[in-house]
Structure formats: structure tokens, C-alpha cells
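Asks: Dock chain B against the given chain A, drawing on the hints supplied.
Given next are the chains, with one letter for each unit.
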Amino acid sequence: MNPDLRRERAAATFDPELITYLLDCGPEKTRRRREIENMILNDPDFQHEDYNFLTRSERYEVAVKKSAIMVKKMREFGIADPDEIMWFKKLRLVNFVEPVGLNYSMFIPTLVNQGTTAQQEKWLHPSKGLQIIGTYAQTEMGHGTHLRGLETTATYDPKTQEFIMNSPTVTSIKWWPGGLGKTSNHAVVLAQLITQGKCYGLHAFIVPIREMGTHRPFPGITVGDIGPKFGYEEMDNGYLKMDNYRIPRENMLMKYAQVKPDGTYVKPVSNKLTYGTMVFVRSYLVGEAARSLSKACTIAIRYSAVRRQSEIKPGEPEPQVLDFQTQQYKLFPILATAYAFQFVGSYMKETYYRINESIGQGDLSELPELHALTAGLKAFTTWTANTGIEECRLACGGHGYSHCSGIPNIYVTFTPACTFEGENTVMMLQTARFLMKSYDQVRSGKLVCGLVSYLNDLPSQRIQPQQVAVWPTKMDINSPDSLTEIYKLRAARLIDVAAKNLQTEVSHRKSREEAWNLTSVDLVRASEAHCHYVVVKLFADKLLKIQEKSIQIVLRNLFFLYSLYGISQKAGDFLQGNIVTESQITQANQRVLELLTVIRPNAVALVDAFDFKDETLGSVLGRYDGNVYENLFEWAKKSPLNKTEVHESYYKHLKPLQSKL
Amino acid sequence: MGGRAHRVSLGDAWSRRVHPDLESERRGRALDVERLTHLLDGGARNTALRREVESLFQDDPAFSLINNYFMTPNERYEAAIRKRVLLHRMAQRLGWPKDGLQHHYAFRAISGDVTFNVHDIATKAIRSLGSEEQIAKWAPLSETYRIIVTFAQTELGHGTYLQGLETEATYDAATQEFVIHSPTMTATKWWPGDLGRSATHALVMAQLVCSGARQGIHGFMVPIRSLRDHSLLPGIAAGNIGPNMDLENADNGFLRLDHVRVPRENMLNRFAQVLPDGTYIRFGIAQNNYLSMVVARVDILVNGVLPALQKACVIATRYSVIRRQSRLRPSDPETKILDYQTQQQKLFLPLAMSYAFHFQLASLREFFQNSYVNILNKDISLLPELHALTTGTKAMMSDFCTHGAELCRRACGGHGYSKLSALPSLVTQLMASCTYEGENTVLYLQLARFLVKNYQRAQQVAGPTLQKSLPQSVAYLATPHLTKCPAQRTADFLSPELYTMAWAHMATRLIEDSVRHLQTLRQSGADQHEAWDQTGIILLQAAKAHCYYLTVKSFKEALEKLDNEPAIQPALKRLCDLFALHGILTDSGNFLYDGFLSGPQVDMVRTAYLDLLLLIRKDAILLTDAFDFTDQCLNSALGCYDGNVYERLFHWAQMSPNNKSQNPAYEKYIGPLIQSRGSKL
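Line order of the protein sequences matches chains A and B.
The first sequence begins at 1 in the UniProt record's numbering and counts up one residue at a time.
The second sequence begins at 1 in the UniProt record's numbering and counts up one residue at a time.
There could be a bad hint or two in this list.
As the list claims (entries may be wrong) - Computed list of lysine-lysine pairs in DSS-like fashion (alpha-carbon distance at most 30 Å, straight line):
| # | chain 1 | residue 1 | chain 2 | residue 2 |
| --- | --- | --- | --- | --- |
| 1 | A | K638 | B | K83 |
| 2 | A | K241 | B | K660 |
| 3 | B | K668 | A | K643 |
| 4 | A | K652 | B | K98 |
| 5 | A | K655 | B | K124 |
| 6 | B | K668 | A | K65 |
| 7 | B | K668 | A | K500 |
| 8 | B | K660 | A | K229 |
| 9 | B | K668 | A | K128 |
| 10 | B | K484 | A | K570 |
| 11 | B | K660 | A | K652 |
| 12 | B | K668 | A | K241 |
| 13 | B | K83 | A | K637 |
| 14 | A | K510 | B | K336 |
| 15 | A | K570 | B | K346 |
| 16 | A | K652 | B | K137 |
| 17 | B | K137 | B | K378 |
| 18 | A | K638 | B | K668 |
Calculated from the structure, these hints are not laboratory results.
So that you can see chain A by itself, here it is in the shape it has in the complex (with noise of 0.2 Å):
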């Protein structure tokens, strides 16, 4: 091992195990993940060359073989439990991309809870068997996340009973549906639905692509690979377009709408139960945010504590580029974030299966705001993570940016998340959209609960019509209560001002509408700051929950950083709210300082707790022992382009020019 890695793993105050139970859960499921990771690591079937090295079209078909033995390993493996699977997955596959990935997260959760029955019974068994391979086809090539706007039909023909699916424009021709391209031979679609003459909005329906057995699409289908992307190389996302092409009317997903045969429309009972999908994948995705921000975190942390250069004090040896409050400053916050939404993650998935629970017994009340939180969470990680991940690539320096240091591979293959299951600015508006509702009842003198319910004191209800001038101030910088009291003051103040700027807008213009426009800026941030405030209560909350002191000191004083960094970033919001004083911010900036140099020698065992495996990290800075330039210059030599020396284009361009002239 790199000795400075060493060195920094015998100076850490506290066991990094402690922190990876308490990641995972208990240290039961710590063994068992890394039991089946180690499974997958010793199996033969599951090696391949590295990624970096291959064509697209070889990435692709790596992935496809590893999907087509899965199936049979998670048998023989055992493993069943959803978390076992996602585990398994996730080393197996590197990036978590799976051609066939989208008949497992789609295809046969919408079977299953908008399918009847009779529809389960022909479609499901085959499908997790993967004779079917099905896919989702939601977004065209003109709209995604606008979801009423989607132009594909389906028209009932009552004669033959069929549905007509057709592809009327060019926008409207499905784009985007991962494994659609190649792989698939079921999808699907959404579509709107026309019987009897009128439209009755979008429906679901299962339609097949390719015929089993030659794989060849049917005719009237037209679909391929929609060509390069920035990340998913191993992914075919695919094109759709379908020209009157037939399906039975039992294709329909029924279970709660349905269209009988004469053509007669039956509506469905309640919508809201659609919801369901949707809330899970945002908060997946919270989750997804914190791991890919750890990551990149694990890789510049190990790297920074590697890497040496240019000089403290002249005459002494190159120090360790974490020694250098500038990387301290750029790594640390990153590094609290990582642990914030790791928190807020966990949190967001027992609160999905709590409020599940629920529903299933037929309560909805919760879901609304659960909708609302997820949407916003689910913007408010990603666009950090997102920037976070570059943040960390930059402090590898020039390194970051060869496929070597795998920040490249995991800023392109998570950085999607900010614009898929709902563009993150729609996203931050669906929550302002809630705050505002709140924000509305408590003026109509009804009080709010949930997460919002710090609007029920809000001050200017009370005292100030127009402008919100006297908080308590009252910051104690060592107080995890008092940190997330301020940031919930940001919060409301800034709900406040958006929701005055919105009645101010309301009063000039005619619509709503534009109203609400000309107010989204002032409403994403007003989000944003709501979306903050919940991530710091979250990690307050997880404070108090933990026993164990060696890590709850370490913990804190990552708290600390997050909040106060916060603060020191948005000094402005704060300040102008006069929520925090001049001298506040004064203290809350030292107080940065001095938390970088606290925390600075657990850093290392800090992303140990992680347990990133290297193989899951694709990473040679990143390496656990730290031996990164021997295997830097191990890994180079390996590319395709050094397997002769004097490369074929020298012959073909490089002779004739230098002997020509």
C-alpha cells in the first residue's frame, strides 16, 4: 500500500467499519453485500476487458451478456431481496446500465400495477424470464417531461377490435427508451387514446416490436438506435415510430381504464395511484445522487492524499495537495454533501415504503406532499451531485480528465438524472407549486403539517404585510438546532417573497399562467431553499439516532461543514432576510476554516466507509492502495491505439507529407 495512504488510515479517530454499517443498515447486510459482491468478482462469467478500451458496439455486447447470464446467476445465488438485486447489479454491471435494464425498472412494474390479471398472466412470467424483452416508451422526440403533450395515438377500431398506433409527426416519434433500439421486442407505449371519436388522454399499451425468432420489427414498426451520447455507450436507446400498426384490444393496459369492445370508454377511479411509479424513481434517484457523489469523493480524496505538489514551505518535501486548504476547501463540503444525501436517501426510501403501506390501505393523504418533496429533493441532489462530480474531477487536476481517473465515466452516466424522470427545473417548480399551495391555506387561516409546516409561523402573516424585516436572530454555530432553524427561516422568508412576487404578477397580468412564469425564477429558488432546509433537518435528525461517539463526533462536525458552508454560500439569502448578522457570517466563514482542518485527518478513512470495491469505482487515482502511477502508466500501455509501435496512419499520411516536401 501507497504509504501516505497508509499513514492517513492509522491517524483516522475513528473505525471506518462503524460508518459503513450505519450506511448500510446493520452490520448483517454490510456482510451479505460484500458476500455477493465478492461472488460476482471470482466469477469468470462476469470479467471482461475494461470498458475504457472497447468500441461502442463491443460495450454493448458485453452488457447484453452479462443480462443474458443473470438471470440464471441470481438464481443460483440466491438472491431475491430487491437490495440483494440492486447490489448485484451494480457491480456486476459498472455503471448500472443494462440494455434490458428498462424491462425490469418499467416494463414490469407498469404490467403489474396497470395490468389486469389476465394481463399479468400472458405477459409477466415470459418477461422476467426475458423471452419478452420489454421496454418503456414514454418521451418523444418533441416532448418529455410535458407529458399531456405527447402526440402518438392510439385509435380504436371497433370493427376488428383493434387499436391503431400511429406516429402522426416527426415530434412525435418515440425517442429516447433505453434497450428500444436494438434489444427490446415488447414496449409500452404511451399513447393517446381515441375511441368513438374523442381523446381521452394518455394510456398505456403493450405493443410488440420485433418478431420472436428472427428479432426482425414488424411491419409497420419502424425503430433503431438513436446514435452517440455523452455517457450510456453500453445503452441502445432507441427510436420508435409506428405507422397504423394494429394491436389487439386486450394490449390496452386495463386494470384501471378500459375501453370494452363496442369502444365505450370507462374512466378509471382515481389517478393519483399512478403517482406511485413516479414518487419511487425520484427517490431512487435521491439515492443514485449521494452514491455517485461518494464515489467521485472516494476517488479525488485518495488521489489528493497521493498526489504531491509544489511547495508550503520552500526547502521541504512536495506536500500532499490535501495539505492545501484551496483542495480542502473544493474536496471537504463535497465530501459533507456526499454524507448529507447518503442520509437523506435512506430516508426518502423508508418514508416510500412507509407511505406505501399506506396507500395500500388506501390512504392517500400523505402522498401529495411526498410527490411535491421528491420532485424537489430529487432536482435539489442531482443538480449538486451533478456539479459536485465535476468539482471532484477538477481537483484531480489534468488526470481527471483521462477515462484513468473513472470521474469522467460517472459525472456522464449520472448527470441524465438532472434531466430524466422530470426536468429539474419542472421538478423544482411541481414543488413550488406545493409550497405555494401551503402557502396559500395558511393565509386562509388553516395550518399546514408535513415538512412545510414552519409556513404556520410564518411572521409576515402576522405582523409585516410587505416586508419580512425581524427574524430572531439567534445563531449558535454549535447548535444543530439552531442551523436548521435558520435555514428554515431562508426557507420561508423565500417562499414568502416568491409568493408576493407571484400576487404582485397575478394583479397585472391576465393569466395565471404568466403570471407564474415571470415569477419561476424567484419559485425555483424558493424550492431550492425549501429542498435545503429538509436535506439539514434530515442530517440533524440522523445525528441524534447515533449511539456510537467515535462516529458521532466525526459525523457532527461533517454537519457542521454542510450547514455552515451553506450558509457562508448563500450569505446573501441570509443576510438580506437578516436571518444572520454581519458577524454571523463573519464566525460562520471561520468556523469553515477551522472544520477543514478538523476534519482533514479522517478524510481518507471517511471515504473508506463508503466500501466503494475498486471495481466498482473503474478507477486508477481512486485505487484503495494507492498506487497510482505505476498502474497509471499500466493502464495506458493497454490501450488499443500502443499495440504497434509505429501506428498505420505514419504509412498512410505522416511518410508522404515528410518525404514529399
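Replies: Below, chain B without anything else, positioned relative to chain A:
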């Protein structure tokens, strides 16, 4: 040649008309696009020349960039060499003068997608570091590609901190040779472009050791590959460093030298020389050997960084008037996404930066041209300021442009993730610029040193002569400032005088804070180096504020020269306002902190900022049209002049090789899987 015919250059048979949503954006505005283009080009004659050069590449399949999207890295490298050769022949055939603008325009027309860009940098380095005899010997060879030269500075273990480089050049007086050697693994040269497969020579930056003393970093011409068969010469190990985020044409490589001997004459000796007996003579200061980096930085900003941001703006803005989503009024058609305030907020900052940095670069180049010749003639009085200006500008521009282009990419939603949008590759090219030619944090801190030094000078020497004695870029440090912003109404914040002054105030205050922090630490017993490190964060802020100030100031001065240009001045002024006010809002904490701005004033800034978005919205397309990029060099399915986004996206996707061949994974894996259980569906 008219603008429009020139711009629509992909010649797609199916695209015969401009999308009405874009057409309408181009009608009925007072802004004169053509005039603005002339301004950006530095005169109508330049525009004409540029278009003439660009037309040479139009419709030439040899220079088409579309296929790049479907090539392997190896194929891209080959295509880039082929294009370089064709370009060279074209320049010879047409007799372009050596330093003519034609080269610059040709480079732009093909998006710089050729090899030997580092070869060009190295050639310039020979000119700035070599003696007249050395230039006479090497420059003609490299300028005609009889040798290919890489510039080998960065090592595996060392980058921006040049004194840390480990490669050694030890003088052997007995044979009058230098022995060039990589003593450790970390001394391996790593990253130099054109090195992996192409270079025949390397300009190696190494620690000079002569008569037993280390003399610092100097440049040495080292042959690395045989001119006969391109094989590696004895003692040389070199190759490709493996895949990066982008830059497949760059051929980044590694180089290890095992006691390689080169003659004494191969040390570039404009600024220092080793006599046959090993005596070392220096003609300037040690920093002179960094001059080549200053040249390279300016080049990269002009040819690489700024155009990449401008292209990202063109693409994202055009796409945002074609893309429609949701409705503002129930009766209306779906709204162009550019009409959403949040989209304007995302896109207009990069647009404002595109112009702000254009003017800043123009003033930097002017300063560069005035000082460079003097420095070559060993008058180094302007070198510190030149160095400070280029480091600061490089750090700020690469940082902001990367961020701006990534904003543009994400503002295009899912399609911004498709490489066919061109945005991913613009972003990844820019990302590289944040670390190459100097890591940005280190550069900001170098600038901070210059600022602190001059601030202290300004404190020591008072009086009217002082302002003249300070370098021009920091003269504001000696000017008295208001401690409170005098603005009373929102409109007051639209005064360039006012916000330039606000930024001067902020920069001065942060430099003051840094100096005070340094002093406090010193008094409490820290030595000067510890104190410097422990002040890093404030120093960074100070350097950034200084750069912001300089950008706002150069934009303001450019506007002053346009007072007689009513057809372009107002639109540009709004961008200048937006740029300055955006910075104030982002940094409002700092402006509130010392009471320079009050809470109500920050609200005024916010109001002014949001109002600007609506005004800029009207000219947005024209402001991006004015950059006058050809469709060919944009190479974007989303950003073409005609706005036929979706059709083009569909057409281009069909070109993917995956759609032309059968799926090999089906035969091998999917087929057997599907049929394994005899399912019949």
C-alpha cells in the same frame, strides 16, 4: 456574399426552408446582425475574407464533421491527420501568407478538428525561446511538417507547478552534449499532444544541470522518432496515454527518456545559454522560459475556448425557439421554451459571457501585441502584468465557459445528452481547458500574488504619481472608492459606470481582506508560506472578483466606442448589464456583508436582472446568429440555421452504424435467451 446563403450550408435536400418559428425571430428587430458580425470579426473586410475561406470547405465531404459521431478514436485520429495534410496543401496552393488570418478562419471552419495543434504551439515556442540561429534551423522544418514537434512539459507527477518537474538535462562538457533523462516513474512526460503516435521531435522542458548546479527549467529539442521509418529512437519510450473525455484528434502521449544525448546547440537559448565549458549564462529572468505558455494560453482562448461557448449558445438558443412545451395561456399553442423565464435565466448568462469575453480577449490581445515584442527583445518590464492578465483571463474564461456550455447542454433537456447535438463534445473540450495550460486554482493564486504585491505598493507609495506607476489593470487599487452604493432606483443599476465601480469596490475589498488576513496570521506566528496557504480561500475570491471587474470594465469600454452605433449598441449594453448584475446577485452575500449594498438595493438588482431577461429575449436569436458560424462547423442536429431540428435528428440517427448492420448481440445472446424456454408469443 450574403449572410444567409452562407450560413445554410449543409445542403440537405429535404430542408428547403427555414422553420417558421426561427424565421419569425429574425424579423422586425432593430438589431443589425450583419453589422454586429463585422464588429466581432474586426471589420467588414475580415468578415468577407472569413466567409471566402469558409466557403472553400463548404460541401467538401473531406471536411465534413458529421461522420465524427460514428468513428472510433483511432479513425478520428486518422481523419484529423488527413485533414491537416489537406489543409496544408490548400494553404500552399492558395498561397496564404504565413501569419495570415486565412489560417485562423480555416481552423474555425473545420472546428479545429485536425492534428498537430500542439505542433503549432511547439513551433511558436521555438520562436519565443530559441535564438535567431535556432529559429532559422528548426522553424522552417516544423512549419513545413518535415518534423513534427510536441511540446513536452507536463509529467505524470507534476503539472502546473513547473519547478517540480523532474526530467533532467545534465550537461556533459566532455562531449558537449546534454543528457536528457527521466529519473523516476513520475518524471514520465504525460499528456503532451501529438506525442502518442505522431511526433518526430519533442521540445522537452527539463531541469538544467550544469557544472553541478541546478539552473531551473529550460527547453531542449530532442529527436524521438526516426525520420526514416518513424520507429522510436534508442533510449526513448513513447506511446498513447489511453482514452480521455474528448480530444481524440489530440494524440496525447507519454515519453520516457533514458539518458538520451543531444548536442549543446539543442538547448533553446534566447534567454539563457550553456557555454562549451559548462558555464551558465542567463540573459533575462527565469520566468522568461514561461513565455511560451503565455503565448499558448492566448491562442487557446481565442481559437478554442471562446468559440466553443459561442457555439453552445447558438445551438441551445436556436433549439429553444423550436422546442415547445406546455402552455402559458390555455388557448395558445404550446410555448417556445425560450419564453420561459427559467430558460432565459439559463441561456442568457452564457450569451452575455460570449460577448463579454470577446471584448476582454480583444483588449488582452492588444496588450499582448504591445508587450510581446518588447519581451522578445529582453525588455521585461511588462512581463509580470502580461503574465497576470493571461493567467487570470485563462482561469476565468475556461471556468466560466465550461460552466456556461454545460448550462446550455442541460438546457436542451434529453437531446442535449445526445452527441448529435454537438453539446457534449463542446463541453468536454472546454472541460479540458480548465486544467491544461495551468490548473485554474493555481492560476488564480498566481494572480492573487500579483494583486497583493500591487496592493501593498499602492499602500506604501501614496500620491498622484502612484496611479501611473501601478500596472494599468490594477490602477483601480489606488483610486478612492465609495463605501456605499449610491443607487436609489432600479434603473440606476443599468449604469455601466455604477456597476463597474461596484466590482472595483468588491475586488479592492477582497484584496484588502486577504492582506489583513495574511497580516493577522503572521502576527500570530505563522511563517509567510503557512500564512499564504491559510489565506487561500480569500485570495481565490479576490482574484475572481478582480477578473470579473476586468471583464465588466473591458465590456464597458467596448460599449463606449459604439456610441454611434444605434443598431447594435443597445442590445450589447443589455448583455453587459446582465453580466455585471448576474455576478452581483450571485455574490450578493459579499456585497451586503460590508454594507456596500443594502437589502432593498439587492432587490433592485434582482428586478433589473429579471427585466433584462425579457428584453434580451427579443434579440436572442439575432445575437447568436451574429457569431456567423456555418452549420458545418456547428455540426449540431439541434442548432442548424434552418431550425429543422427534429428531421435532422432523425436523419442523423439513421447514419449510426448500429442501424445499418444486424445486431451481433442478437445472434449470440438475445436469440438463444428468447428461444431458451420455447416460448411462443
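Asks: Go through the numbered hints given earlier and state which of them the structure violates, listing their numbers in rising order.
Replies: 7
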